[in-house]
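The whole structure should be built from the sequences, with the hints applied where relevant.
Chains as they are written, first to last, in my numbering: chain A, 1 to 287; chain B, 1 to 284; chain C, 1 to 386.
It is possible that part of the hints are untrue.
Claimed, not checked - Calculated lysine-lysine pairs in the BS3-like style (CA-CA distance at most 25 angstroms, straight line): (1) K357(C) <-> K334(C); (2) K193(C) <-> K139(A); (3) K221(C) <-> K195(C); (4) K193(C) <-> K233(C); (5) K139(A) <-> K177(C); (6) K361(C) <-> K144(C); (7) K195(C) <-> K239(C); (8) K221(C) <-> K318(C); (9) K195(C) <-> K139(A); (10) K139(A) <-> K239(C); (11) K341(C) <-> K281(C); (12) K45(C) <-> K77(C).
Hints are computed from structural coordinates only; laboratory data are not their basis.
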Amino acid sequence: MGFIHRHRWLTPYLLLVPGLAWLAVFFVIPLGFLAHQSLEVQNPIDFSYAFRWAWHNYSDALSTYEPQLLRSFEYAAIATALALVISYPLAYWIAFRGGRWKNVLLLFIIGPFFVTYLIRTLAWETILSDNGFVVSTLKSIGILGPSDRLLATSTAVVAGITYNFLPFMALPLYVSLEQIDPRLIEAAKDLYSSSARAFLKVTLPLSLPGIFAGTLLTFIPASGDFINAQLLGTSDQYMIGNVIQSRFLELTDYPTAAALSFILMAIILLILPIYTRALGTERLTGA
Amino acid sequence: MTTATEAVSVPAARVRHSPLAFVRRHVLTVYSLLVFAYLLLPIVVVVLFSFNAPQGRFNVVWNHFTWDNWVNWDAVSGIRSAIEVSLEVAAIASIAATALGTLIALALVRYRFRGRGSTNLLIFLPMASPEIVLGASLLTLFLSLDVQLGFWTITIAHVMFCISYVVVTVKARLVSFDRHLEEAAMDLGANEWTTFRKVTLPLLAPAILSALLLCFALSIDDFVITNFNSGDTVTFPLFVWGAARVATPPQINVIGTAIFAVAISIMLVNVVIQMARTRKGTTV
Amino acid sequence: MTDNLSREEFLRRSFAIGALIAVPGLAAEVARAGGLKIPPGVDPKRLKKTLRFSNWPLYIDYDKKHHRYPSLELFTKQYGVKVDYHEDINQNETFFGKYQAQFRRKQSIGRDLIVMTDNSRFPALMVQQGWLEKIDKSVIPNIKNLLPALANPAWDPHREHSLPWQSGMTGIGYNAKYTKPVTSVDQLLFDRKLKGKVTLLDSIGDTLPVVVLSNGDDPGKIDDAAFNRALKKIEKAKKAGQIRKFTGNDYISMFPTGDVWAGLVWSGDMPQITPSTPRAKWLIPKSGGTIWTDNMLIPPGGDSYTASVYMNFYYQPKIAALVEEAIYYVCPVKGAGAEIKKIDPAAARSRLIFPTKEMLKKIYVVDPKALFNPDFQVKWQSMLGA
Numbered sequence: 001m002g003f004i005h006r007h008r009w010l011t012p013y014l015l016l017v018p019g020l021a022w023l024a025v026f027f028v029i030p031l032g033f034l035a036h037q038s039l040e041v042q043n044p045i046d047f048s049y050a051f052r053w054a055w056h057n058y059s060d061a062l063s064t065y066e067p068q069l070l071r072s073f074e075y076a077a078i079a080t081a082l083a084l085v086i087s088y089p090l091a092y093w094i095a096f097r098g099g100r101w102k103n104v105l106l107l108f109i110i111g112p113f114f115v116t117y118l119i120r121t122l123a124w125e126t127i128l129s130d131n132g133f134v135v136s137t138l139k140s141i142g143i144l145g146p147s148d149r150l151l152a153t154s155t156a157v158v159a160g161i162t163y164n165f166l167p168f169m170a171l172p173l174y175v176s177l178e179q180i181d182p183r184l185i186e187a188a189k190d191l192y193s194s195s196a197r198a199f200l201k202v203t204l205p206l207s208l209p210g211i212f213a214g215t216l217l218t219f220i221p222a223s224g225d226f227i228n229a230q231l232l233g234t235s236d237q238y239m240i241g242n243v244i245q246s247r248f249l250e251l252t253d254y255p256t257a258a259a260l261s262f263i264l265m266a267i268i269l270l271i272l273p274i275y276t277r278a279l280g281t282e283r284l285t286g287a
Numbered sequence: 001m002t003t004a005t006e007a008v009s010v011p012a013a014r015v016r017h018s019p020l021a022f023v024r025r026h027v028l029t030v031y032s033l034l035v036f037a038y039l040l041l042p043i044v045v046v047v048l049f050s051f052n053a054p055q056g057r058f059n060v061v062w063n064h065f066t067w068d069n070w071v072n073w074d075a076v077s078g079i080r081s082a083i084e085v086s087l088e089v090a091a092i093a094s095i096a097a098t099a100l101g102t103l104i105a106l107a108l109v110r111y112r113f114r115g116r117g118s119t120n121l122l123i124f125l126p127m128a129s130p131e132i133v134l135g136a137s138l139l140t141l142f143l144s145l146d147v148q149l150g151f152w153t154i155t156i157a158h159v160m161f162c163i164s165y166v167v168v169t170v171k172a173r174l175v176s177f178d179r180h181l182e183e184a185a186m187d188l189g190a191n192e193w194t195t196f197r198k199v200t201l202p203l204l205a206p207a208i209l210s211a212l213l214l215c216f217a218l219s220i221d222d223f224v225i226t227n228f229n230s231g232d233t234v235t236f237p238l239f240v241w242g243a244a245r246v247a248t249p250p251q252i253n254v255i256g257t258a259i260f261a262v263a264i265s266i267m268l269v270n271v272v273i274q275m276a277r278t279r280k281g282t283t284v
Numbered sequence: 001m002t003d004n005l006s007r008e009e010f011l012r013r014s015f016a017i018g019a020l021i022a023v024p025g026l027a028a029e030v031a032r033a034g035g036l037k038i039p040p041g042v043d044p045k046r047l048k049k050t051l052r053f054s055n056w057p058l059y060i061d062y063d064k065k066h067h068r069y070p071s072l073e074l075f076t077k078q079y080g081v082k083v084d085y086h087e088d089i090n091q092n093e094t095f096f097g098k099y100q101a102q103f104r105r106k107q108s109i110g111r112d113l114i115v116m117t118d119n120s121r122f123p124a125l126m127v128q129q130g131w132l133e134k135i136d137k138s139v140i141p142n143i144k145n146l147l148p149a150l151a152n153p154a155w156d157p158h159r160e161h162s163l164p165w166q167s168g169m170t171g172i173g174y175n176a177k178y179t180k181p182v183t184s185v186d187q188l189l190f191d192r193k194l195k196g197k198v199t200l201l202d203s204i205g206d207t208l209p210v211v212v213l214s215n216g217d218d219p220g221k222i223d224d225a226a227f228n229r230a231l232k233k234i235e236k237a238k239k240a241g242q243i244r245k246f247t248g249n250d251y252i253s254m255f256p257t258g259d260v261w262a263g264l265v266w267s268g269d270m271p272q273i274t275p276s277t278p279r280a281k282w283l284i285p286k287s288g289g290t291i292w293t294d295n296m297l298i299p300p301g302g303d304s305y306t307a308s309v310y311m312n313f314y315y316q317p318k319i320a321a322l323v324e325e326a327i328y329y330v331c332p333v334k335g336a337g338a339e340i341k342k343i344d345p346a347a348a349r350s351r352l353i354f355p356t357k358e359m360l361k362k363i364y365v366v367d368p369k370a371l372f373n374p375d376f377q378v379k380w381q382s383m384l385g386a
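The following block contains the structure:
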């Protein structure tokens with residue numbers, strides 16, 4: 001204890017080192033290996049790899065898998081928007097009308113999350129099946145044509161992504177809304193002639209941090225998802241995650257898969273500051 | 001004068017909007033209940049089908065009710081070891097990650113040091129990276145070093161991706177921590193270590209516990225990262241994935257429901273305790 | 001008791017026990033030999049304690065009620081070798097991909113026996129690259145029971161690295177509840193009534209030859225022209241929305257829900273489909289279907305002696321019949337048919353296990369060179385969209 005007391009400046013570093021070392025070894029270094037692999041070339045005969053500064057892996061991957069890349073971001077964006085629209089009123093309701101039962105109501109949002117992701121998605125496969133309740137009802141009220149289906153379409157995939165990432169949107173929204181002092185809203189309602197304007201002018205801007213956090217926490221993992229596309233869609237709906245997964249684990253085309261992984265990360269990291277600037281929040285890294 | 005006008009105008013305003021406000025109030029409630037129904041729909045299906053006795057290999061069409069799946073929950077070859085592996089990995093990984101992450105959170109909030117920005121970046125990056133990249137890169141590391149894939153590589157991976165979540169959770173609590181209690185303790189003669197042990201840590205305990213539970217939940221549910229780094233070993237999500245191709249025995253639903261029930265119960269207990277505390281007025 | 005034992009008796013017994021303990025190998029031998037029936041040609045000392053066996057799921061006889069593998073237990077009873085059985089092969093590609101680094105370096109993958117399909121390129125690749133242990137024919141006298149048709153495959157002409165486990169046929173499966181019989185590939189791909197209700201197999205070795213046949217080309221010799229013709233046909237059907245999905249054997253779960261009405265189906269999957277889809281039927285398309293074989297292989301580091309002894313055990317008609325009766329694929333062991341008649345006459349009548357001569361005339365083996373053609377692979381993957 002005396003040693004540490006005398007060298008107090010050491011304390012933060014001692015606290016940081018174990019955890020940061022873990023991340024350095026098992027997160028940063030692997031990315032280095034992945035980068036190295038993305039520049040390798042594979043011999044198709046005996047599956048060996050050779051390092052060749054193969055930058056063409058990146059351009060090849062971009063051009064070959066452009067459809068899947070675009071599709072991933074398209075699906076993720078739609079799912080995020082849907083999640084926002086669906087969750088906002090819900091979060092609002094719990095935050096302002098929940099009263100004593102807020103935490104119990106939150107359980108309804110978090111609860112489904114505790115059933116294994118795959119099992120939840122498989123359940124959707126059952127629910128949305130051609131002869132199932134949902135499809136039959138939609139057909140009888142005319143939304144779906146007689147030979148239409150829900151499963152194995154992009155609708156099902158986006159719906160699945162939206163569902164599975166809803167808590168990631170709803171919870172940050174709730175946290176942010178819950179912190180708003182209700183008296184502010186009362187005052188706003190008195191100031192403005194309608195509740196709608198009060199909402200737009202006061203509540204919405206105050207909940208912006210929550211919207212920011214929620215959209216990021218939804219969009220980022222959604223863009224890399226592949227399970228929904230695999231179980232609820234077909235190869236026409238495959239996202240970049242499906243390609244990376246199959247290149248890595250099925251076709252063992254590591255260089256292409258590695259290049260695609262970095263491309264995905266790079267795009268996300270590029271979007272981040274642009275989005276941050278657009279929403280005008282600095283609460284990014286929590287520094 | 002002004003007060004009287006205010007006192008008169010406010011109730012009048014309320015009366016004017018009352019019918020509309022009534023509808024609006026209930027629309028929101030109805031909407032929320034519908035969303036809850038939507039959220040719970042697959043869960044209901046999962047629980048329901050855990051009682052199904054399917055014809056054939058796939059549990060996709062309702063056949064008839066049976067208790068058999070619950071009684072013989074481990075009748076499917078491999079399911080028992082899968083859930084055991086999942087629980088073990090989750091236990092070890094969550095404890096390790098919570099320990100490492102809490103230390104980092106303490107350093108970040110309580111101390112000044114160089115490299116704060118980079119540290120924050122390093123903590124943030126794993127959360128911003130798609131799971132598939134985390135899993136694949138770690139696999140590359142293990143393959144290059146000829147490390148045998150299995151239980152420990154899975155655990156290592158889980159600790160890695162949980163640390164960031166722990167830091168965020170504990171940090172949130174630390175930032176709003178009332179330091180006066182600690183200062184009071186030190187004024188009374190306690191040294192730093194004793195203060196930490198007897199004041200800080202107990203007060204921090206709920207946040208640490210939340211972080212621990214969060215890690216546990218993330219670990220038990222993880223599929224993508226585990227899939228890349230598991231080698232031969234099978235965790236429960238991996239088992240479900242493999243099973244989905246071949247046969248979906250109802251026991252999968254049984255275990256899924258069980259995990260769900262346990263988790264909900266723990267959280268309900270937590271919530272009830274919290275509600276009791278607030279009523280008694282003993283919140284900190 | 002000991003009090004009443006005479007000194008001589010006591011000494012004699014101690015000596016005997018001591019002898020046994022002092023010669024541990026002997027004790028093991030005694031323990032094993034009691035009840036074991038190891039044939040004279042097999043050296044028990046060379047047998048490993050455990051045989052580590054990886055196979056496809058639901059590909060062996062299994063007693064659901066008691067969680068046992070009867071045929072494996074019989075093996076253990078006879079040879080004293082425990083079998084560590086893993087059902088972890090779901091796809092040739094993913095299984096190979098998981099262990100490809102070890103294969104390349106000829107390192108052990110923790111298995112003595114694995115099973116892979118010859119209409120994927122992996123068995124051929126592994127033989128070619130020398131990544132497999134040789135089977136020990138000196139302990140496989142029952143190799144004489146191998147069906148002559150399977151004795152000399154192009155990729156392992158003298159059966160030095162492999163022995164068939166089961167063969168299977170790829171044909172058309174359809175649900176009579178929703179559609180009239182689907183008898184041809186063209187009907188499967190272009191009958192508008194089946195739009196969106198058709199699945200094809202995603203592996204090139206399964207679907208390609210069947211479509212090639214429907215164009216009148218030879219699946220045993222697929223040149224560029226034949227390949228392109230077949231690919232064009234599939235893409236046309238895909239564009240028209242005919243094909244719901246390209247699947248592995250997850251099509252099985254799609255039949256009972258009515259999401260799929262017809263598709264390319266493996267013959268041995270029918271017993272898995274029919275319980276939940278009673279009106280499901282299987283047939284070989286008019287233009288022909290394919291036959292493929294799953295082969296037992298010994299991965300690097302696997303114990304060839306023990307694995308070969310198991311192979312010999314499996315090639316007894318009685319044992320093969322036991323396995324066959326449970327899985328309904330085509331049995332490579334001569335005489336198994338007669339054995340099955342004794343235990344399950346219904347199975348003996350099944351055309352899935354014992355295809356008729358007419359059927360055999362219409363099933364073909366896929367051209368192995370086509371599987372290795374990188375151009376084909378790339379085009380196929382891009383058609384699949386991943």
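Okay, the hints, checked on the actual structure:
Between K357(C) and K334(C) the alpha-carbon distance is near 16 angstroms, which keeps this suggested pair within the 25 angstroms criterion. Straight-line distance between C-alpha atoms of K193(C) and K139(A) comes to about 18 angstroms, which keeps the hinted pair within the 25 angstroms bound. Using a Cα cut-off of 25 angstroms, the hinted pair K221(C) and K195(C) is violated, with the two alpha carbons roughly 31 angstroms apart. Between K193(C) and K233(C), the direct Cα distance comes to roughly 18 angstroms. Compliance with the 25 angstroms bound is thereby established for this hinted pair.
Proposed proximity of K139(A) and K177(C) is supported: the alpha carbons are some 21 angstroms apart, at most 25 angstroms. For the hint linking K361(C) to K144(C), the alpha-carbon distance of about 24 angstroms falls within 25 angstroms, and the restraint holds. With a C-alpha separation of about 11 angstroms, the suggested pairing of K195(C) with K239(C) holds against the 25 angstroms cut-off. Taking the CA atoms of K221(C) and K318(C), the gap is about 37 angstroms. The hint is violated against a cut of 25 angstroms.
The suggested pairing of K195(C) with K139(A) holds, with an alpha-carbon distance near 17 angstroms, which does not exceed 25 angstroms. A threshold of 25 angstroms between alpha carbons decides the hint, and for K139(A) with K239(C) the separation of about 24 angstroms falls inside it, so the pair holds. A C-alpha spacing of about 23 angstroms is found between K341(C) and K281(C), which places the hinted pair at or below 25 angstroms, so the restraint holds. With a CA separation close to 16 angstroms, the supplied pair K45(C) and K77(C) stays within the 25 angstroms bound.
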